[in-house]
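Take the sequences, apply the hints, and build the full model.
As they're listed, the protein sequences go chains A and B.
Mapping of the first sequence onto my numbering: residues 20 to 436, in sequence order.
Mapping of the second sequence onto my numbering: residues 20 to 436, in sequence order.
Hints listed in this document are in silico derivations from the structure and should not be mistaken for laboratory results.
Any given hint could be a false lead.
Copies of the same chain look alike in the list, so a pair counts if it works inside one copy or between any two.
The calculated SDA-like cross-link candidates involving lysine to any residue, where the alpha carbons are at most 20 Å apart (straight line), are [claimed, not checked]:
1) Lys39 - Lys174
2) Lys22 - Asn367
3) Lys155 - Gln430
4) Lys147 - Leu158
5) Lys39 - Asn87
6) Lys147 - Gln430
7) Lys155 - Glu431
8) Lys147 - Glu431
9) Lys92 - Asp205
10) Lys359 - Gln287
11) Lys138 - Lys259
12) Lys144 - Glu242
13) Lys265 - Asn133
14) Lys147 - Glu435
15) Lys147 - Val436
16) Lys45 - Ile263
17) Lys92 - Arg207
18) Lys92 - Ser159
19) Lys173 - Lys268
Below are the chains, spelled out letter by letter.
2 protein chains.
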Amino acid sequence: MDKKRIVIIGAGFGGLQVIKSLANHKDFEITVIDKRNHHLFQPLLYQVATAVLSPADIAIPSRSITTNYKNVKILMGEVDDINFDRKSVFYQNYELSYDFLIIAIGAQTSYFGNQKWPKFSYGLKNLKDALAIRRKILLSFEKAELLGDSQLAKKLMNYVVIGGGPTGVELAGSIAELSHTIIRRDFRMIDSGMTKVTLIEAGPRLLSNFSEESSSFTLKKLESRGVEVLLNSPVVDITKTEVILKDRKIETNTVIWAAGVEASPLAQKLNLKKDRSHRIVVDEYCRVESLDGVFCIGDVANFSKGLERPLPGVSPVAMQQGRYVADYIKRSVKGKPITKFEYFDKGNMATIGRTDAVAEFGIFKLKGLIGWLGWLFVHLVYQVGFKNKVSTLISWTWSYLTFRAGSRLIQEDINEV
Amino acid sequence: MDKKRIVIIGAGFGGLQVIKSLANHKDFEITVIDKRNHHLFQPLLYQVATAVLSPADIAIPSRSITTNYKNVKILMGEVDDINFDRKSVFYQNYELSYDFLIIAIGAQTSYFGNQKWPKFSYGLKNLKDALAIRRKILLSFEKAELLGDSQLAKKLMNYVVIGGGPTGVELAGSIAELSHTIIRRDFRMIDSGMTKVTLIEAGPRLLSNFSEESSSFTLKKLESRGVEVLLNSPVVDITKTEVILKDRKIETNTVIWAAGVEASPLAQKLNLKKDRSHRIVVDEYCRVESLDGVFCIGDVANFSKGLERPLPGVSPVAMQQGRYVADYIKRSVKGKPITKFEYFDKGNMATIGRTDAVAEFGIFKLKGLIGWLGWLFVHLVYQVGFKNKVSTLISWTWSYLTFRAGSRLIQEDINEV
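Right, dumping it as structure tokens:
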């Protein structure tokens with residue numbers, strides 16, 4: 020049998036599982052195209068943004084994950100187009116043919132068509148975003164320290180996070196914690212009482228995918244950490260200095276947008292059946308309907324056949340789909356029977372702050388420190404490609420509990436930012 | 020006695036020693052102004068540039084070094100001017116008065132007036148420089164891998180380092196090592212034989228501050244690592260694609276300039292007695308002549324009174340001067356006698372590659388692995404502010420010997436660089 024050519028676009032949670040499942044398999048030749056040189060552990064991105072971890076703690080070059088996979092070739096490039104009739108992927112003047120194609124390109128921040136808002140707020144989907152937020156927050160402390168205790172200093176330390184999902188909750192809790200701990204310890208002129216963190220959610224409760232009980236626990240905990248939470252508050256407009264709601268305006272110097280995502284640009288370009296967020300609709304086998312040998316997994320896929328609502332854009336979905344598709348391909352070339360994809364929901368987790376989290380596994384609900392330990396454990400087990408998990412755990416825990424200073428670097432000089 | 024107001028400009032090796040020596044001293048109120056938020060362990064900057072270490076391994080926020088120094092205030096800002104008559108420092112619309120002023124602002128890359136050259140080459144004086152070089156080198160591998168084995172791919176992997184001092188030697192050795200190890204292991208289309216590293220030195224030998232013996236040992240070792248060394252080869256011109264020497268042109272995609280430094284911009288602005296490199300001339304007490312209570316230390320100072328040549332721009336000079344000036348100030352406010360500054364030369368060191376270095380301590384000369392261990396030990400002992408030296412040693416050694424992958428991140432997407 021000729022070797023089958025497998026092309027995977029994207030080395031995120033989904034793509035990486037396909038690679039790992041087909042690694043060193045004699046029947047397949049795998050090419051991975053990614054516009055980044057690294058796999059990113061996205062669930063911890065907010066910790067780089069809030070100066071708890073460094074980029075190297077949550078990202079690892081895709082090449083070093085695949086060093087020993089002799090049938091895997093990695094290309095750093097951006098796919099411009101796909102011709103499904105020719106079975107070809109086009110990137111930077113090259114053409115690459117496939118027998119099987121896996122589209123696993125993930126999602127990007129969505130502002131729901133408000134073109135001005137990205138200018139005045141930060142998204143959080145990659146290392147560059149995270150470093151930009153980190154710089155902005157740390158510089159706001161530095162500038163406030165220069166000014167001392169004045170109205171202007173207070174204005175600098177008004178942080179607004181929009182979106183009450185896990186990312187928004189984690190960011191708001193983590194900014195509050197960072198400002199309280201670091202300002203008290205390392206600054207002389209400003210005090211932590213001057214910071215104000217506001218979390219804005221359009222709907223009636225935080226973490227709408229969690230139980231009511233977890234939502235209200237999270238609300239209470241965030242408030243006790245000094246975060247002002249505004250529910251039922253859709254954003255009307257964002258300007259350079261304000262976030263405008265129906266009934267009030269919030270003055271701020273830093274707005275972080277964690278309220279929506281949509282499929283990555285390539286998906287938006289492809290002429291396929293898609294949903295409102297440009298996600299590609301797939302069938303029960305994670306296949307793109309009517310196309311031969313084309314799969315779509317993870318955040319960029321809309322998998323809703325036979326379900327009440329589409330599967331959520333979380334890493335367990337992407338990983339399970341990745342393993343499923345690899346298995347599908349192996350079975351199909353052998354002519355073996357193939358069953359539909361079924362998602363096994365392992366639950367939801369979100370941290371509220373250091374040593375405080377909510378976690379739900381089926382009927383089990385964990386809160387507070389136990390929830391946080393569960394969160395830590397699950398993140399560890401599911402991290403991909405970090406070779407020495409125990410040493411990573413120690414390093415993370417240490418950074419997390421001791422506020423390791425190296426994560427608070429501003430890489431640029433003051434005259435460059 | 021009123022508290023004396025001490026202003027220190029710059030938190031490098033020199034400034035930090037003044038701070039540490041006067042920390043928590045009841046007679047002094049210290050303000051430090053730095054345009055960066057971190058102290059940088061500059062001697063290891065080339066290791067970030069060549070993807071061995073991460074920024075957090077060699078930099079630490081100045082605030083976290085001074086957390087427990089209650090009489091020390093840190094400001095992140097850039098000094099615009101100094102009025103020595105008013106005894107005032109001006110920065111971003113603020114004025115700060117001093118009784119004692121320590122100018123410790125260091126040096127920057129100098130292109131000796133060739134204004135086009137910075138456009139076509141990289142300097143290496145801060146984290147941003149190092150990350151830019153790292154990105155450029157790693158991207159050249161990625162682009163070459165896309166192209167496969169062709170003439171163009173080879174062109175991408177031509178690296179030229181200009182300047183045969185310690186930084187140039189360390190960079191050239193480290194680039195050769197990086198390309199050989201990583202390409203062999205992680206790339207499929209290109210091979211390490213395609214890379215070419217050229218080290219260009221205007222003078223007759225490498226490491227001109229070292230003994231002849233160390234110079235020729237270094238030359239031999241670099242050549243055995245595949246680096247082409249060109250001596251007696253002053254650079255005539257640098258263009259977008261070439262480095263031009265008297266008798267030949269070298270085609271290249273990456274030029275790193277490590278051939279010269281000059282005083283930082285503020286020094287160039289001040290109306291003081293200076294040398295050709297704009298360094299401020301000081302007397303035997305590290306004082307700026309004719310000014311009351313003004314000291315200048317480290318790379319920005321020209322200390323040559325009674326010497327054959329000025330003290331070199333290396334960290335031991337800056338650190339010893341920093342401690343001396345702190346002592347001077349303490350003695351002067353108590354009316355105690357003060358002796359002249361004397362530099363105790365502890366020797367020179369440079370690494371050629373992993374487990375290979377030259378080190379000279381007075382009449383002792385160490386080479387090879389022993390030299391490298393000496394290098395490692397001395398860097399460790401002299402690092403400032405890294406709280407847990409043993410854990411840092413372990414982490415460095417580990418990164419250094421295992422090529423830890425996290426240091427090979429390209430922070431940007433391919434379409435952003």
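Quick rundown of the hints versus the structure:
1. Lys39 - Lys174: Neither: 49 Å inside a copy, 34 Å across copies.
2. Lys22 - Asn367: Answer is neither; intra-copy 40 Å and inter-copy 57 Å both fail.
3. Lys155 - Gln430: both (12 Å within a copy, 17 Å between copies)
4. Lys147 - Leu158: Both. Shortest intra-copy (16 Å) and inter-copy (17 Å) distances satisfy the 20 Å Cα cut-off.
5. Lys39 - Asn87: within (11 Å within a copy, 48 Å between copies)
6. Lys147 - Gln430: both (12 Å within a copy, 6 Å between copies)
7. Lys155 - Glu431: Cα proximity of lysine 155 and glutamate 431: in one copy and across copies (11 Å, 18 Å).
8. Lys147 - Glu431: both (13 Å within a copy, 6 Å between copies)
9. Lys92 - Asp205: between (47 Å within a copy, 9 Å between copies)
10. Lys359 - Gln287: For lysine 359 and glutamine 287, neither the intra-copy (26 Å) nor the inter-copy (72 Å) Cα distance is at most 20 Å.
11. Lys138 - Lys259: within (8 Å within a copy, 33 Å between copies)
12. Lys144 - Glu242: neither (26 Å within a copy, 44 Å between copies)
13. Lys265 - Asn133: within (17 Å within a copy, 58 Å between copies)
14. Lys147 - Glu435: So lysine 147 and glutamate 435 pass the 20 Å test inside a copy (16 Å) and across (10 Å) alike.
15. Lys147 - Val436: both (14 Å within a copy, 12 Å between copies)
16. Lys45 - Ile263: The answer is neither: 58 Å in one copy and 50 Å across copies each exceed 20 Å.
17. Lys92 - Arg207: Only across copies: lysine 92 and arginine 207 sit 7 Å apart there, 53 Å inside one copy, limit 20 Å.
18. Lys92 - Ser159: For lysine 92 and serine 159, the Cα distance is within 20 Å only across copies (17 Å; inside one copy 43 Å).
19. Lys173 - Lys268: within (16 Å within a copy, 58 Å between copies)
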